[in-house]
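There are 2 protein chains.
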Amino acid sequence: MKLLSITAVLSLLLLSMSATAQVNKKTGQEKANFIFPKGQQGPAENFTGRVWNIGLVENDSVYNTVVGNVYFEPGARSNWHKHPSGQILIITDGIGYHQIKGQPKQTLNKGDIVKCPPHVEHWHGASADTGMLQLYIMPKTENGIVTWLNKVTDEEYFDNK
Amino acid sequence: MKLLSITAVLSLLLLSMSATAQVNKKTGQEKANFIFPKGQQGPAENFTGRVWNIGLVENDSVYNTVVGNVYFEPGARSNWHKHPSGQILIITDGIGYHQIKGQPKQTLNKGDIVKCPPHVEHWHGASADTGMLQLYIMPKTENGIVTWLNKVTDEEYFDNK
Numbered sequence: 000m001k002l003l004s005i006t007a008v009l010s011l012l013l014l015s016m017s018a019t020a021q022v023n024k025k026t027g028q029e030k031a032n033f034i035f036p037k038g039q040q041g042p043a044e045n046f047t048g049r050v051w052n053i054g055l056v057e058n059d060s061v062y063n064t065v066v067g068n069v070y071f072e073p074g075a076r077s078n079w080h081k082h083p084s085g086q087i088l089i090i091t092d093g094i095g096y097h098q099i100k101g102q103p104k105q106t107l108n109k110g111d112i113v114k115c116p117p118h119v120e121h122w123h124g125a126s127a128d129t130g131m132l133q134l135y136i137m138p139k140t141e142n143g144i145v146t147w148l149n150k151v152t153d154e155e156y157f158d159n160k
Numbered sequence: 000m001k002l003l004s005i006t007a008v009l010s011l012l013l014l015s016m017s018a019t020a021q022v023n024k025k026t027g028q029e030k031a032n033f034i035f036p037k038g039q040q041g042p043a044e045n046f047t048g049r050v051w052n053i054g055l056v057e058n059d060s061v062y063n064t065v066v067g068n069v070y071f072e073p074g075a076r077s078n079w080h081k082h083p084s085g086q087i088l089i090i091t092d093g094i095g096y097h098q099i100k101g102q103p104k105q106t107l108n109k110g111d112i113v114k115c116p117p118h119v120e121h122w123h124g125a126s127a128d129t130g131m132l133q134l135y136i137m138p139k140t141e142n143g144i145v146t147w148l149n150k151v152t153d154e155e156y157f158d159n160k
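The listed protein sequences derive, respectively, from chains A and B. The first sequence: position 140 = 139 (numbering that gives the first Met the number 0), numbered continuously. The second sequence: position 87 = 86 (numbering that gives the first Met the number 0), numbered continuously.
You may find that some hints are simply not true.
No distinction is drawn between identical chains; accordingly, a pair holds when it is met within one copy or between any pair of copies.
Said to hold, decoys possible - Quick list of in silico lysine-lysine cross-link-like pairs, DSS-like style, CA-CA up to 25 Å:
#, residue 1, residue 2
1, K81, K104
2, K139, K160
3, K37, K150
4, K100, K37
5, K37, K109
6, K37, K160
None of these hints come from the bench; they were simulated from the model. Quantities reported herein were computed from a predicted structural model and do not represent experimental measurements.
The following block holds chain A by itself, in its conformation from the complex (with noise of 0.2 Å):
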C-alpha cells in the first residue's frame, strides 16, 4: 500500500514537473507550458515540421496590429520570410533560433524578446530537441503583413557558424 502511494505521488510529481517546453524521453511527448489553446497545424509550405498557430488579436482599422501565439514542435521552424513594418517576437517557453539574413544563428530561451525589422528576411523556430513557444506581434499592418519565401534548409538550421 504504501509504495503504491509512493508510485501515485511520485508519478503526480513527475507530471507537474514535466510542465515545460521539454520532450519527455521516454515517450517521446511534448510537454509546454502552454497559456493558449495551440490552435491549428501550421502548412506545410510555409513551416518544416509541425507548428502550432493561434491568433489572438486579428487585423483592424483601429490597433493595426496582429498578435498570436505559435509552438514549435522539436525540429520546427518557419521559412524565410519578412514583414513590411518588421515583427516582435516574445519568448514564453521553451528552446529556439531565430535568425536574420545574412547574421549568425541566435538562440532564444522563456523571456527572450526579438526585434526583426521592417522587409528583412528571417526565420524562427524550435531547437532540434526541445519545443518553443512564442508570442508574435506585426504592428503597423496597415503596409502588410507578411510575405513568405524559401523553405530553411537542413544546413541553415543546424549552422553553427
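Assemble chain B onto chain A, guided by the hints.
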C-alpha cells in the same frame, strides 16, 4: 525513513504545484508563473497596492509599439487611465479584472485577451485573493502612450454590478 521520503516527495509536489499566481494561505506568499523578471514597483500615484512593471519593448520610430509585463499582487490595480491609440492586454497567469468606464467589471483569467479602444478610460488589476500577470501592448505610439487619471476607489474595485 519511508514516512520521511513521502513527506519530502509531497513537499516537492506542493512546491511544483504552487507555480501559479496564487496566494499561499499559510505563508501569505504569492507564487506566480513568471516569464520575465518582476521589474520595478509602479509608483503610488498611478497604482493602488503593489504592482510590478518591466518594459520589454521601448518606444521607437520603427515599430511605434510599447510592450511590457505587469504583475499585480492580490488587491492591486492601476488608476483609471487612457491611451491615445488604445491598449491590448494578454493575461498570462492568475485572476484579475478589467473595466471600461460605464461598463461592468470583467473578470480575467490566464489566456484572456482584452482590448481597450483609443481615448477610452479603463483600469486593470488583480482580484482580491489572486494576483494577475499580464503583458500589455500599446500600438501607434506616435500618438502618445498614456494619460493617468483618478484612483480606482474600493467602492469601484469591489462593485459587483
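Here is how each hint holds up against the structure:
1. K81 with K104: Answer is within: at 16 Å inside a copy they meet the 25 Å cutoff, but 40 Å across does not.
2. K139 with K160: neither (33 Å within a copy, 37 Å between copies)
3. K37 with K150: Intra 23 Å, inter 38 Å, cutoff 25 Å: intra-copy only.
4. K100 with K37: For K100 and K37, the Cα distance exceeds 25 Å both inside one copy (28 Å) and across copies (33 Å).
5. K37 with K109: Both ways: K37 and K109 sit 17 Å apart in one copy and 14 Å across, limit 25 Å.
6. K37 with K160: neither (32 Å within a copy, 34 Å between copies)
Hint compliance for this structure: hints 2, 4, 6 are broken, all remaining hints hold.
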